[in-house]
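Trainee: Here is what each chain is made of, one letter per residue.
4 protein chains.
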Amino acid sequence: MINGERTIQRPLRWGMVGGGRTGQVGYKHRTGALRDGTYQLVAGAFDLDAARGVDFGTNLGVAEERCYATYQALIAGETARADGVDVVSVATPNFTHFEITKALLNAGIHVICEKPLFFTVAECDEIAALAAEKNLIVGVTYGFTGHPLVHQMAAMVAKGMLGDIRIVDLQYTHGFNAGDDVGAGEAVKWRTNPATAGATFVLGDIGTHLYYLSEIVLPELKIEKLLCDRKAFIATRAPLEDHATVLTHYSNGARGRLWVSSVNAGNMGSQRYRFVGSKASVEWSDSHPDQLLYDVQGEPNQILHHGMPYLEAEGLKYDRMGGLHTEGLGDAWSNIYLWIAQAIDAKMRGDEAFLATHHYPDIHAGTEGVRWLENCVRSADAGSAWVDFE
Amino acid sequence: MINGERTIQRPLRWGMVGGGRTGQVGYKHRTGALRDGTYQLVAGAFDLDAARGVDFGTNLGVAEERCYATYQALIAGETARADGVDVVSVATPNFTHFEITKALLNAGIHVICEKPLFFTVAECDEIAALAAEKNLIVGVTYGFTGHPLVHQMAAMVAKGMLGDIRIVDLQYTHGFNAGDDVGAGEAVKWRTNPATAGATFVLGDIGTHLYYLSEIVLPELKIEKLLCDRKAFIATRAPLEDHATVLTHYSNGARGRLWVSSVNAGNMGSQRYRFVGSKASVEWSDSHPDQLLYDVQGEPNQILHHGMPYLEAEGLKYDRMGGLHTEGLGDAWSNIYLWIAQAIDAKMRGDEAFLATHHYPDIHAGTEGVRWLENCVRSADAGSAWVDFE
Amino acid sequence: MINGERTIQRPLRWGMVGGGRTGQVGYKHRTGALRDGTYQLVAGAFDLDAARGVDFGTNLGVAEERCYATYQALIAGETARADGVDVVSVATPNFTHFEITKALLNAGIHVICEKPLFFTVAECDEIAALAAEKNLIVGVTYGFTGHPLVHQMAAMVAKGMLGDIRIVDLQYTHGFNAGDDVGAGEAVKWRTNPATAGATFVLGDIGTHLYYLSEIVLPELKIEKLLCDRKAFIATRAPLEDHATVLTHYSNGARGRLWVSSVNAGNMGSQRYRFVGSKASVEWSDSHPDQLLYDVQGEPNQILHHGMPYLEAEGLKYDRMGGLHTEGLGDAWSNIYLWIAQAIDAKMRGDEAFLATHHYPDIHAGTEGVRWLENCVRSADAGSAWVDFE
Amino acid sequence: MINGERTIQRPLRWGMVGGGRTGQVGYKHRTGALRDGTYQLVAGAFDLDAARGVDFGTNLGVAEERCYATYQALIAGETARADGVDVVSVATPNFTHFEITKALLNAGIHVICEKPLFFTVAECDEIAALAAEKNLIVGVTYGFTGHPLVHQMAAMVAKGMLGDIRIVDLQYTHGFNAGDDVGAGEAVKWRTNPATAGATFVLGDIGTHLYYLSEIVLPELKIEKLLCDRKAFIATRAPLEDHATVLTHYSNGARGRLWVSSVNAGNMGSQRYRFVGSKASVEWSDSHPDQLLYDVQGEPNQILHHGMPYLEAEGLKYDRMGGLHTEGLGDAWSNIYLWIAQAIDAKMRGDEAFLATHHYPDIHAGTEGVRWLENCVRSADAGSAWVDFE
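Protein sequences, first through last, are from chains A, B, C and D. If you read the first sequence in the numbering used here, its first letter stands for residue 1, the second for the next number, and so on. If you read the second sequence in the numbering used here, its first letter stands for residue 1, the second for the next number, and so on. If you read the third sequence in the numbering used here, its first letter stands for residue 1, the second for the next number, and so on. If you read the fourth sequence in the numbering used here, its first letter stands for residue 1, the second for the next number, and so on.
It is possible that some hints are incorrect.
As the list claims (entries may be wrong) - In silico contact screen, one side only, chain D against chain C (beta carbon under 10 Å); selected entries: (1) G175; (2) F176; (3) L247; (4) V276; (5) A280; (6) S384; (7) W386.
Everything labelled a hint here was simulated from the structure, so no lab data went into it. By construction, the Cβ of each residue, glycine as well, lies at the ideal position given by its N, Cα and C atoms.
Construct all of the structure, not just a fragment, from the sequences and the given hints.
Mentor: Okay, structure coming up:
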């Protein structure tokens, strides 16, 4: 159970690039970072509109002189200070992730970056090498994986409660883009433009969440080959997709199917994960994150609730509200931010032993997400053909 | 609303082949056929064990002399009587459907047959031609499609309430075969043996239900190509599958995905259908057949209940219990049996005008199911490759 | 598992009083009675409109001369026949139950009657004495208690799986009478008029279902005192109620609460039963009759499904569809009708030993329902005061 | 939509009494207060064990010298500082609320207090007078009412979307105290002892949440009389109750029923609210706080989701995560803490105009909760009799 006690040496001095008043994602970062005194928001380049960024940042309690017009200015300003930021979150459109992250690392600043991380695995590798060289952390905000019951599933799989894994069924769909993009806002525009979004729309935007969460639950599973069939139901989004299906063959013989879509009209169920083993299955949805279905073949179905003593230690450790009291996405983000802070703190302390076993969404996780996207696109571009996973 | 009033000239004299004491499917036929006085069970070859068949049949109220040892004897005995059966239901393993149906038709008897109908489209075509020549009806027991809300979905699609159809998501899974087949009963043995089951296990056994129901809801949609990936997680079932995924491209640009499995450990949710259009989606499951989700993008989700005045006429006509009172699979089978009886009655009366517009699961429906299976197997056998639908 | 095999000597010759074309309840009787060949519908006084009754009855397959204008004519006609009816179902407004039942019994005919049985316990006692004298059965159509999982709950309680019973929470509500009764149909009119409905509206119409089902699950519990608070939100229904709450003290110290209403606007959830013990609770709703919640304190919640081998024998015996396949209210009515037929058959055979342990909704069950209504009304009329249960 | 921008002049300097390491409630206060920079935790008397309190407080980032051994020391220390606390939260057992609140107010410090506020209305009135005299705010942590959809319900009622209110159905139950209290922790011990808990256990502990939330949704409704029937299923808890039912007559003729229990074995559904009007009903549960059922009689049931544009302005204003992304109890507490901060800020600024219309759980709300408890106990003590609401 989390109760707010500090688990690191001192609060991290934290800045943001992006995440300003007109977007939706910035508050997720802030509510995730700030509730436990682990981070202190001291600087930001919140907005392309500099004046609005200053107004916004000061409203957040950031000193006016530390509300910068650009990320370059932020780096310049903060590195010049004795009390400059330790870490900066990058909450900007995809196409800027690489250059901003690179610049921050080069300035000696830890980075927390939105997913999908970068456009290519090559870029990821370059950043990974740079981070290693600079002895810095790069965290990725796969926020949903902060929910405690995700780790309950992983523990149950690890204990063999499901038997041999056979089927991985993943879905993240909604209908918010069911209509065309005429008059759409900036957040839609950049996501549907390859120049700003990269090679994918929904695969990267929401599919990477599915992929990373499945990796947490099933760390042993390796993809052998996959097939991706994608489509833009709103034609102007092509070559990017608003709907995609991915079939997967895992090396242990398991089979996967995955569905992402932003044109699933009216669907508010969001994500659904089902992991089927030879003995039992678990199923979880982010829309009711406090409960987990555990289906043992031949027995009554079970509903496990967050915060209850019958859970595995891994499923309880990062519970915040306790049984009977709901947790939300903000609580999950808090855990992600906490785990990244613990990594940064360990890095600062030179505690590589801690880092060797500490789990958080790191540069490797981000890289694997991009690798998966590359394979999906390669399959789709080959006529939705099976491709060996590379 | 159904209230039991007869809609045909006289009750049909009805016989059964198979459906005896040791199996599960026979009662579904009987409870479907008998509740409304549309059929009278007067003859049967219920069991391979002749004595047990007589004991069983007489317990059902069939005269002892009309409890036959074989279907051949049934045909011989019944055709020799002035009051012989009008129609016979075939509730035997798949591999016997063709020969029994053919013999019954040749004897001038209407047929109601379990799905999957026959092994090949060629067999279906042969039977269709024979039925036409003999002026007889062949019905297929796609029991789930008797649920009123299936027809509510069809009516909503036809009225354009969903807009253009984009995505068809179909699932019928359970976990009853998650374990191996050592010591399994006859029903499992014949279903997992190509000689008795045909070229598929779960695709034919449960997948054809998905396919036929989707045809009812979306009669305009045509498959352009599909890809089937199948697998036997219990190796002894190979080359038949206990898990399969099918991706579909429809000629209007819609995309389909379908999942059938009998190794989805612990899953009791059974079937799930979601039809996504440009404006709205509908979703229905046989496990809660009395309600239908209607998701209009940008509006609150709606739950429609069976038997309520706000439904379309097509969704109300065959309601039996009325709003607030549950219907079950038996009620759905009753509708299927009723619709087939109405077809037989019309055929007897020579009322081809009625038959021209009367909907029931007919030889064409059964044939299309087998055609779909052939395409699935062709794709799977080609390395789970895309194949044009033939 | 039920498979349609006859469990009585011969099909019962069955007639109906009421249940004609314009009402909703008649089909529930017919679909319950007829599916298994236990009853043969051979006579009826279906309708106050004699010609419509004949048209309707012959459409059901009843011979024209056995479609009577009145119940008196039915009794006269049928008792004059060697093959006259064995049993008659009474599906008429409440105020006629007593006189029709009495006349049928006096004519030597078994009776199946709608609930609430009669207006007073005195009437019930008179009928019970008459039935005993005539050696006849009186069954009551508490249809919902035919669902197999109701008996699963009873078996779990009997085995002590819940521990000591502490709380009984019962609810049967809907909103179909949320509006006023201007222009309402006959079924509403007679139910809201004390002359034809008796001393209650929703307490008798739907509350008696709750009470009887709770008696089945908790046969040991005795009411010590209760308090009933009732109200007519539509004033024209007064003194009858469209909403009532009943608090109960049981002799073992358990506490009960019950809610019935027909003005719960938009509510389609219907009935909900929760039985809370010192160790665990069970919860069941007729709107999803195939599943049962089993909540053991400190353990994951469990969902039990009908037809599954892990159920108690009592919960499986009268299953009709088997696991994974839904049952509906019609299946439940079939069980009720079967159990009553078995009682009649035993009475005909003089098998009092069978009757001594055979459970079915009998005259005692009907009487207890009326007794409960009398106590409720007494409390309500005393200013919603506590009254000792008499 | 909340995005973290400050809505008050400056962050409030905040202290806590209670809420230490061994309890569960402290983190709810902290996660509620701290995420948006509205409060800064600068002082505390966290623990009866002074050393543990210092260890804990410093771990939270509080300076060691401001981690006090007692609330008296906190008041003395903080009032001696120029930068002393503005406001203190009281998260201690019930019996200490009054004296601590009184002492804080006398020291000129705003108070945020756990519910149930005090033992008697007289105490509430005394505190209200003192707060008025001192020009200070007293807030009460009715955390659940911070959920945005609670205010959506209120807005729908206010707009007349439900018609005339007829039925108020409230439930807050769980099973965590189904077993006896042998070996129970401190939190159970003080709650079941009248000296420390006051005159009630579950009525005060969880019932006051139901009552206050219903007041928010239905501000016009006034209780005319009520009847409370309570019981201790674990006898050692008597005279306090672990189960209670309350029936209510409202002055407009509406009827209420309420159930609180901590012996509802295995129940994890927590709170359920249903407000029934002449046209429609709304239903909400804290266990799925992001959705709201809207049942219009005669129309499909509707599910409204948090954060969606179709909601009323009041239902959207305090949304934090946006549609599709879950909110939890922590988000609700954040809103409560925000609203109280806005009140304190206005009080500091002397902005009585703002306060005149600003809604937050204030001393009046807390008083009404205690008044309701007094009436419940009076009824229960009179033999569960009807009492006029005073």
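Trainee: Going through the earlier hints one by one, which of them does the structure break, listed in rising order?
Mentor: Structure breaks no hint.
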